[in-house]
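Okay, here's what each chain looks like letter by letter:
2 protein chains.
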Amino acid sequence: MSFSFNKVTIIGVGLIGGSLAKVLKSKGLAKEIHGSGRSRETLEKAIRLGVIDHMGQSTAHAVESSDLVVLATPVGTFTSIVTDIASHLKKGAIVTDVGSVKGDLVRTIECMLPAGVHYVPAHPIAGREKHGVEAATDDLFNGARCIVTPTELTDKTALERVCSVWQAAGMNIITMDPDRHDHVFAAVSHLPHAAAYAMVSTVAEFSEGSTNYINFSGAGFRDFTRIAASSPEMWRDICLLNGKNMVEMIEQYQFSLNRIKKAIKQNNGKKLEELLRRASDLRRGMR
Amino acid sequence: MSFSFNKVTIIGVGLIGGSLAKVLKSKGLAKEIHGSGRSRETLEKAIRLGVIDHMGQSTAHAVESSDLVVLATPVGTFTSIVTDIASHLKKGAIVTDVGSVKGDLVRTIECMLPAGVHYVPAHPIAGREKHGVEAATDDLFNGARCIVTPTELTDKTALERVCSVWQAAGMNIITMDPDRHDHVFAAVSHLPHAAAYAMVSTVAEFSEGSTNYINFSGAGFRDFTRIAASSPEMWRDICLLNGKNMVEMIEQYQFSLNRIKKAIKQNNGKKLEELLRRASDLRRGMR
Chain E
101 MSFSFNKVTI IGVGLIGGSL AKVLKSKGLA KEIHGSGRSR ETLEKAIRLG
151 VIDHMGQSTA HAVESSDLVV LATPVGTFTS IVTDIASHLK KGAIVTDVGS
201 VKGDLVRTIE CMLPAGVHYV PAHPIAGREK HGVEAATDDL FNGARCIVTP
251 TELTDKTALE RVCSVWQAAG MNIITMDPDR HDHVFAAVSH LPHAAAYAMV
301 STVAEFSEGS TNYINFSGAG FRDFTRIAAS SPEMWRDICL LNGKNMVEMI
351 EQYQFSLNRI KKAIKQNNGK KLEELLRRAS DLRRGMR
Chain D
101 MSFSFNKVTI IGVGLIGGSL AKVLKSKGLA KEIHGSGRSR ETLEKAIRLG
151 VIDHMGQSTA HAVESSDLVV LATPVGTFTS IVTDIASHLK KGAIVTDVGS
201 VKGDLVRTIE CMLPAGVHYV PAHPIAGREK HGVEAATDDL FNGARCIVTP
251 TELTDKTALE RVCSVWQAAG MNIITMDPDR HDHVFAAVSH LPHAAAYAMV
301 STVAEFSEGS TNYINFSGAG FRDFTRIAAS SPEMWRDICL LNGKNMVEMI
351 EQYQFSLNRI KKAIKQNNGK KLEELLRRAS DLRRGMR
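Read top to bottom, the protein sequences are chains E and D.
All you need for the working numbering is the position in the first sequence, starting with 1, plus 100.
All you need for the working numbering is the position in the second sequence, starting with 1, plus 100.
Hints are supplied without guarantee of correctness; some may be wrong.
Note that identical chains are pooled: a pair holds if it fits in a single copy or bridges any two copies.
Straight-line Cα separation of at most 25 Å, SDA-like style, residue types lysine to any residue; simulated pairs [said to hold, decoys possible]:
#, residue 1, residue 2
1, K362, F306
2, K362, A329
3, K131, H161
4, K371, L213
5, K127, E252
6, K362, A268
7, K125, E144
8, K131, G309
These are computed hints drawn from the structure, not numbers from a lab.
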């Protein structure tokens, strides 16, 4: 049997990294899968679950002679990992990632990697309600979108090989400029997370007797703030790495809130309905 | 068989009004249920579905000789309905409502009703993902909370009778001051709706080529903005009737957003993580 990759190393064997490992196995794309990460316990569990075959003594060790190295840790760790592994990568190795920030980070990683190593930046958009390797499944990516953000330096063959992995996982590939990616995802993903965190903080500041207002919330509030339960470290890193776009989006959002506030202050029902109707029509159009 | 109420009139036979009618029937609380509303078609459907027994030629006609009159239309219509029905209500009749704004509106309605008619303001917190009488079900309220907001003018017996109806529907009764109610629900319900409308507007202002950013959104954005699909007229009325609290809450929310924005601008990871972690812990605590 011929494999697409002899040795694949997944750095960060959580929900995303673990699910990708399962895809590589079930589709017969990798001969052996090595895992690396902060927690020895997680890696041992990943081996027990059959998600990976081996664990490295260190990340640098784990990537040696790998054909494909996948960064699947939080984006805030990427540059320090690349510093550690850069000199241990074999010539011709492909490094890819699953991070939700591209832009400057992509250009930084490109500069850090030695000549002859190919970097393909990617962002599979996959659900993250559950965490950890125990939640990994080979259908996590099926039917969802994977954004790839090649630059003028990206090797075409390496790009195709990475795309074919995500296609095997059932994903639809969308190609986007790295800076455009960060602007789009600041709007549709990073801003909503910041807004949900801010909403929980706002409401929690009030209480009625000994009962926090949060306890009076219903299904709407719970839906609205579900994403505020996500990892604070991960979102801290995303917000900072995508800082310029985040500031722009928060300001745009505050502007939209101001329009609604102004219509309420002026008791302008016609204007307020117009603002709400436009948003409501757009949202209904989304299904 | 002895009924709690001989004649009940439900004004607005939609999801909430229709579900209440079903509870009154299934629990044997009402001998006959009359319906009234804007749309003759809806009322005919409600009769066909067995939700109500009769429809009035007019709302004024429908409430004549009623023991219990329920306002289940959008809150923005309450005062004009009360104007229409006030002189047609029998002595001893109980008027109640299911509106999500109390405060000044409660005091206004109290002043409009003739002596001898008892007004009991209530707000059953029930899910509203589906609309219309066809979605009505007698278990809609089961296990949820009903806020009652009596004033010093509220008749104690009338209050008990209304509470017993909602208890029969499976609801837990919470008593709250009408002004406190509006402050609490501005925070946990009305603000999140305004914020979701503002979020959809913000993101929809951007596009990549011919593709609106909205189309790149994932499950998080959809959860976050689900409530923005709600009726713009209903939320216009709620925002305006609860205007003072809404302005306060929008400003508090903008303040929380500013704190996050500032930490991002200053690239202050420690501060940002602290803000996100606090919200995340609170949200996880909600289940």
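Hint by hint, here is what the structure shows:
Taking identical chains as interchangeable, the C-alpha atoms of K362 and F306 lie at most 25 Å apart whether they share a chain (23 Å) or sit on different chains (23 Å). Only between protomers do K362 and A329 lie at most 25 Å apart by alpha-carbon distance; the minimum there is 21 Å, versus 31 Å within a single protomer. For a Cα distance limit of 25 Å, the shortest separation of K131 from H161 inside one copy, 18 Å, qualifies, whereas the shortest one across copies, 80 Å, does not. In the homo-oligomer, the alpha carbons of K371 and L213 never lie at most 25 Å apart, since the shortest distance is 54 Å inside one protomer and 32 Å across protomers.
Neither within a single protomer nor between protomers do K127 and E252 lie at most 25 Å apart by alpha-carbon distance, with minima of 30 Å and 71 Å respectively. When the C-alpha separation of K362 and A268 is checked against a cutoff of 25 Å, the pair qualifies neither within a copy, at 50 Å, nor between copies, at 42 Å. For the homomeric pair K125 and E144, the shortest alpha-carbon distance inside one copy (18 Å) is at most 25 Å, but the shortest distance between copies (60 Å) is not. Proximity of K131 to G309 under the C-alpha cut-off of 25 Å is found in neither arrangement, the shortest distances being 62 Å within a copy and 41 Å between copies.
When each numbered hint is compared with the structure, violations occur for hints 4, 5, 6 and 8.
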